[in-house]
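Visitor: Assemble chain D onto chain F, guided by the hints.
Line by line, the protein sequences are chains F and D.
One point on numbering: in this note's numbering, the residue at position 54 of the first sequence is 54, and numbering is uninterrupted.
One point on numbering: in this note's numbering, the residue at position 287 of the second sequence is 400, and numbering is uninterrupted.
If you are wondering where the hints come from, they were derived from the structure by calculation, not from laboratory data.
No experiment lies behind these values; they were computed from the predicted model shown.
Fair warning: there could be bad hints in the mix.
List time: in silico EDC-like cross-link candidates among lysine to aspartate or glutamate, alpha-carbon distance up to 20 Å [as the list claims (entries may be wrong)]:
1) F:36 x D:423
2) D:381 x D:423
3) F:36 x D:119
4) F:98 x F:21
Label-pair ranges, simulated between beta-carbon atoms [to be verified]:
5) D:366 x F:85: 41 to 47 Å
6) D:275 x F:11: 30 to 36 Å
7) F:61 x D:115: 18 to 24 Å
8) D:372 x F:43: 50 to 56 Å
9) D:116 x F:43: 17 to 23 Å
10) D:162 x F:11: 17 to 23 Å
Some chain F residues flagged as far from chain D (calculated, every beta-carbon gap over 12 Å) [what the hints assert, rightly or not]:
11) 3
12) 24
13) 26
14) 40
15) 41
16) 52
17) 56
18) 57
19) 59
20) 88
21) 104
22) 110
23) 111
For each residue, glycine too, the CB sits at the ideal point set by N, CA and C.
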Amino acid sequence: MSKYMLIYRDPAEPAAAPSPEEMQAFLAMWGEWFGKFGPAIVDGGDALEPGGRMLQPGGIVSDGPYVEAKEVVGGYSVVEAESFEKAVEIARECPIAKVGGGIEIRKLAGYNA
Amino acid sequence: MNDPRELVEHFFRHESGRLVALLTRSLGVGRLDLVEDVVQSALARALLTWSRRGVPDDPAAWLYRAARNLALDALRRDRVRDKILPRLAGMGEPVAEPLESPRFAEEIGDEPLRLLFLCCHDAVPLESRVALALRTVCGFSTPEIARALLTSEANAQKRIVRAKERLRDEPDLWELHGLPALRGRLDAVLATIYLLFNEGYAARADEPIRRDLCDEAARLGRMLVDHPAGDDPRVSALLALIGFHSARFDARLADGAWVLLDEQDRSKWDWAAIREAMRRLQDSLRGETVSRYHVEAAIAWEHCRAPSFEATDWRRIIDLYIALDRIAPSPVALLNRAIAESRLEGPRAALARLESVPASRIPVDYPLWHAVLGDLHLQAGNLDAARAAWTTALSHRPGRADADLLRKRLDNTPIDAS
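Chain F with its partners taken away, still in its complex shape:
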């Protein structure tokens, strides 16, 4: 078994704000996902606040690399799976994927395990 990080990528310019009803539906999808893959999700992770600081080589600090980017990292979770295929399968059913967000799936090297 290895751990995989699911890195959630949202469009840099999100669509219109979701309605309360849509938010509740989205939340229920998370419940669905945790319900289905609960033991495999070793860390539900977190969401990232928009914006940030980018420390460039040479010590220059800028307001994040996001200005030109089409999508930004919006959050992450960590799952445990026996193969990359299995990790992709879990990601495919994640609410982020279901509402059209992108997910980068990366295997943790395990140096710190």
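Guide: Quick look at chain D alone, frame taken from chain F:
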């Protein structure tokens, strides 16, 4: 922590309404836009947190704390804070400690109801009232309102903006203290709830019944009936009316097509809802008033209490429609009266009745008017006249389920050879 799937239906939507009401009270109607932003952010924060950690035991209190803190943050950035902050602070300190649900409910009090009364203020144009109530009290987004009211998003947005502009210019709106002030606006509030229910009951779009609108109307009505400002027999009558009609929803549709009253499976009616509506109707009989809501509820009750279509007391229904036309004259009342008369006296009598209606009272662009005329002609054996009337009905853009029914009738009715 609990599974988000177990949150009650429409929880976010209804909490949004409660929070908007509460914060509007503290911050003023002029700041409705800020209030909406704050509530939206609080809900978004809840979504992010609860999706990872589960739903807290008292989600309403959690949202309340989040919204209140966000409002304070927003105001700190705002120049008006000196005037507003003390009032917001006065919203009470319970936010610092875990809140019990009952106590929280007390905190919210009757703010949503006050907000509803505010939406029905004289200054707000009629067509904006339902839109504003859906937005602020019921927590609908602009696209949801546009879909509900069969209008474009731009138009829905315009109605809301106009309403807010009007309210902004009205000083001391929340000073609806005292029951007399609230009671004075009860007519408008009842009319708004009735309109909301109608929008859902007779929706003309692709979806024949918009159940969530009907449910919202019932929810607002129940809020009203439990409040001293709603201590009026008409409120009970309106709730009875909503209850009787809602009880038949499941039987009215099969695969998106209408099932007409004479074909409905009466065992599919929601008898618990009918009993509840009967209690409301009983309540509405206290006092002297007979409003349109009373009469319409009584008509709906007549249909519910008939053991079969054939056993319906048409005489009584005709009398009720005559009474209704006197209290609240409308082509719909005339039309329904004619239908009842056709059951009792035959289609020719009903046609004669409709033909005697002065031209000025005929709603020429109301598809149902022509649809019913066509049905009566069919029963009287005037096939060509029936076909002509149905064709006219179709030309006035009826809803999808209505149109399907009309086309079916046209297909099944031969051209008169005689």
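Visitor: Next step is simple, just say for each hint if it's right about the structure.
Guide: Okay, the hints, checked on the actual structure:
With a C-alpha separation of about 53 Å, the suggested pair residue 36 of chain F and residue 423 of chain D falls outside the 20 Å cut-off, and the hint is violated. Note on residue 381 of chain D and residue 423 of chain D: the hinted pairing holds, with a Cα-Cα distance of about 18 Å set against a maximum of 20 Å. Only pairs whose Cα atoms come within 20 Å are accepted, and residue 36 of chain F paired with residue 119 of chain D is accepted, the gap being roughly 15 Å. Restraint check for residue 98 of chain F and residue 21 of chain F: satisfied, since their Cα atoms lie roughly 17 Å apart, inside the 20 Å limit.
At roughly 44 Å, the beta-carbon separation of residue 366 of chain D and residue 85 of chain F lies within the given 41 to 47 Å, and the hint holds. Evaluation of the 30 to 36 Å hint for residue 275 of chain D and residue 11 of chain F yields a pass: the beta carbon distance comes to about 32 Å. Distance hint check for residue 61 of chain F and residue 115 of chain D: the Cβ-Cβ separation is about 42 Å, which falls outside the suggested range of 18 to 24 Å. Hint check: residue 372 of chain D to residue 43 of chain F, Cβ distance near 52 Å, so the stated range 50 to 56 Å holds.
For the pair residue 116 of chain D and residue 43 of chain F, the supplied restraint of 17 to 23 Å holds, since their beta-carbon distance comes to about 19 Å. Remark: the range hint 17 to 23 Å for residue 162 of chain D to residue 11 of chain F is upheld by a beta-carbon distance near 22 Å. Every C-beta of chain D lies more than 12 Å from that of residue 3 of chain F, the closest at about 17 Å, which supports listing it as non-interface. A cut-off of 12 Å between C-beta atoms contradicts the statement that residue 24 of chain F is not in contact with chain D; the least separation is 4 Å.
For residue 26 of chain F, the requirement that its beta carbon stay farther than 12 Å from each beta carbon of chain D is not met, with the minimum near 6 Å. The Cβ of residue 40 of chain F lies farther than 12 Å from every Cβ of chain D, with a closest approach of about 15 Å, so its non-interface assignment holds. In this structure residue 41 of chain F is not separated from chain D by more than 12 Å, as the shortest Cβ-Cβ distance comes to only about 10 Å. Every Cβ of chain D is farther than 12 Å from the Cβ of residue 52 of chain F; the closest lies at roughly 16 Å, confirming the non-interface assignment.
The beta carbon of residue 56 of chain F sits about 29 Å from the closest Cβ of chain D, which is more than 12 Å, so the claim that it is off the interface holds. With a closest Cβ-Cβ approach of about 32 Å to chain D, residue 57 of chain F is found to remain outside the 12 Å limit, as its non-interface label requires. Distance check on residue 59 of chain F: its Cβ is at least 31 Å (rounded) from any Cβ of chain D, clearing the 12 Å threshold; non-interface status holds. Consistency note on residue 88 of chain F: stated as away from chain D, and its beta-carbon is indeed over 12 Å from all of that chain's, at 21 Å minimum.
With a minimum CB-CB distance of about 18 Å to chain D, residue 104 of chain F clears the 12 Å threshold, and the non-interface call stands. Its beta-carbon lying about 23 Å from the closest one in chain D, residue 110 of chain F satisfies the requirement of being farther than 12 Å from that chain. Non-interface call for residue 111 of chain F relative to chain D: holds, since the shortest CB-CB distance, roughly 26 Å, exceeds 12 Å.
This entry does not satisfy hints 1, 7, 12, 13 and 15, going by the numbered hints stated previously.
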